[in-house]
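Novice: Here's the letter readout for the chains.
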Amino acid sequence: MELTGSQIVIEELKANGVEIAFGIPGGAIMPFYDEILKSGFPHILARHEQGATHMADGYARVTGKPAAVVTTSGPGATNIVTGLCNARMDSVPIIAITGQVATPMIGTDAFQEADTYGCTIPVTKHNWLVKDPRELQTAVREAVRVATSGRPGPVVIDFPKDIQTMTAEYIPHRTQETVPAGDIHNDAPELDMQAIDQLLEAIERAKRPIIIGGAGILKAGAAAELTEFARRTGIPVINTLLGLGGFPGTDPLSLGMPGMHGTAYANMALCECDLLINLGGRFDDRVTGKVSAFATKATIAHVDIDAAELGKRVHTHIPILGDVRDVLLILNTQAKERDISAWQDQIGEWKREHPLQYDRDGSIKPQHVIEQIQEVSGGNGIYVTGVGQHQMWSAQFLRFNEPNSWVTSGGLGTMGFGLPAAIGAKVGRPDKDVWLIDGDGSFSMTLVDLATAATYNIPVKVAILNNAYLGMVRQWQELFFEKRYSNVHYPENPDFARIAEGYHVRGFDVKDVDQVRSTLEQAAEIDGPVVMNFHVSKEENVWPMVPSGAGNSEMQLGPPVSEERT
Amino acid sequence: MRQVFSILVNNHAGVLSHVSGLFARRGYNIESIAAGPTEDKEATRIVIVAFGEKTTLEQIARQLRKLYDVREVQQLAYNESVTRELVLATVWADVTKRTEVLQIANAFGANIVNISDETVTLEASGNDHKTRILIKALERYGIANMARTGMIALPFEGMTEDWEPLA
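Those protein sequence lines, which keep their order, are chains H and A.
Counting in the numbering used here, the first sequence runs without a single skipped number right up to 566 at its last residue.
Counting in the numbering used here, the second sequence runs without a single skipped number right up to 733 at its last residue.
Rather than coming from a laboratory, the hints here were simulated on the basis of the structure.
Note that the Cβ used here is the ideal one computed from N, Cα and C, for glycine as well.
There may be inaccurate statements among the hints.
Chain A residues, not near chain H, derived (Cβ > 12 Å throughout) [what the hints assert, rightly or not]: (1) T621; (2) I626; (3) Y707.
Derived lysine-lysine pairs resembling DSS-like cross-links, with alpha carbons at most 27 Å apart [to be verified]: (4) K620(A) / K65(H); (5) K620(A) / K290(H); (6) K131(H) / K632(A).
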């Protein structure tokens, strides 16, 4: 049947399982928005295009499904570059549809023209500039396939205004066409059974084995398989920042997060292990610290769906290309139970000696707020963060018991990610309580989308850990720049509770530690978005810390505390 | 090390941007790049000579294979492939030097495509080794202008495993 370009895109998005769009209209995308209205395609109107991409990002992380982001040309498109880059770094599928000036105008510096195709090459898995309506159906189908297959990632379809109204033949339920391509779609490469045997042998020999569970565990839907593997073999599990939730945080075998702000015991285990099994992590520099000092005593095995990650940063003895779930299914039928109790006891001792801890001095400690959120929510919510100190404390002190219950910007470290990502997460999982733990700096960057939460009554619970600083930068300046605090202080922070009220969102201002719990409980009961501005102790630091460029063994534990808490 | 990458790509708009952009943003060094049609009108072959550590060269190949429009990446070893480059060079050669320059051109099988009062322009093709020696020989006269196509390459067909490569 003959459809307009706009109709083809809507139909093909629906046919490929895309159920919702986040975006903002503008001149060059108006025909498409007209079709969004006519077709009734679900759409959330954001307040900033960057926010729209983070919404789609949060939505995808908790549902595993891609959402569309729709923007106009020029500034609408350039505003999504940060969000796409963030999704690219964390392997999150997003289908961005950007308006473009009409094809005869391309290249003439027309009003609101930007080279969206050129701008988004480095921040997408692939992108298309569609100049012929007959190519649209295949482009959209391929876009969804590329975004969701293999190692997922964002894609862009740049959609000129004249193509939106031109017509072309649309074939409903068209079967998959194969576009000749290399490894990009390879969801399930043929497994190297010899390498898997090597890994099984290494497991049998190992006296001090450790598992790193990365984001790949969650993307592959392998949390249950990882849990079975760890419990069967007794091998303790470290989860990377993006891998948190891939293994129950309350399990005795869980060591929490490794690396720069990881737990002391995770880093000690990494330094001492004789076998390191990295399942779907990418050996990020925040995990490894100085590579030459990383896991020096260990045989290193690495399972990844992306061949380019194998051996990229860390020399790997047993590289295994494949879907981590496929590999775990084999391991679970073949790995034998082993007695590694001496190693488990050693780790238990490290846990007792070096628990996560903080001083309590009567002020509101950020870690305390996080612990209270864990308790009030029963640990069953979805937890979202911005980027900075609050993010690291959240990663340390929350205990995730379900996969896909943790939404955080890892690779790119995008401040401002939190609020829109929380909105997207709540849209994706309306059955879950969504808690945003944010910093005053991060929150300020995208707080405009409070209006979106209010408009659609998306009940996200926002806890700002407000120390009136860009806290992580301040911490580095304190530790590595002799306390020269250069441009990190926000002494005249706005009254975030009143800001919230201005957006028709309930606001609480909390200065007293005794009000923390009751405020959180109240917030949990409110049917609508809530902003809680917690005035936390200003110069609290995140410990432990591995200084940038140092090895994990050079971890600093921080000053001693009067009362230990684990 | 230097390595020749023969990259077969879909003949789509923007594919060269994707390939060259990958080198730029990941900090890989390109020595030359040449692109042209193949026997399949839907495909283009891009030949890139890159240099770097062995692990970097392997990483380049793996990153290239992740690009949507890349069908195949071959890392060609010198002794398993034929490589060619076309060089156009205008050399300072007035009447006193002209005979010498023409002799060099003759020795390398280069064609003379122009002669002026002051210069001789020659066209030479050959593998990496030959073009390098020729250019070195011409440099003592002074090269006024030079353009090179960059290397193109194909693997040798019909090589069997019992062919011992020369060290």
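Novice: Would you list, in rising numerical order, the hints stated earlier that this structure does not obey?
Specialist: Of the numbered hints given earlier, those the structure breaks are 1, 2, 4, listed in rising order.
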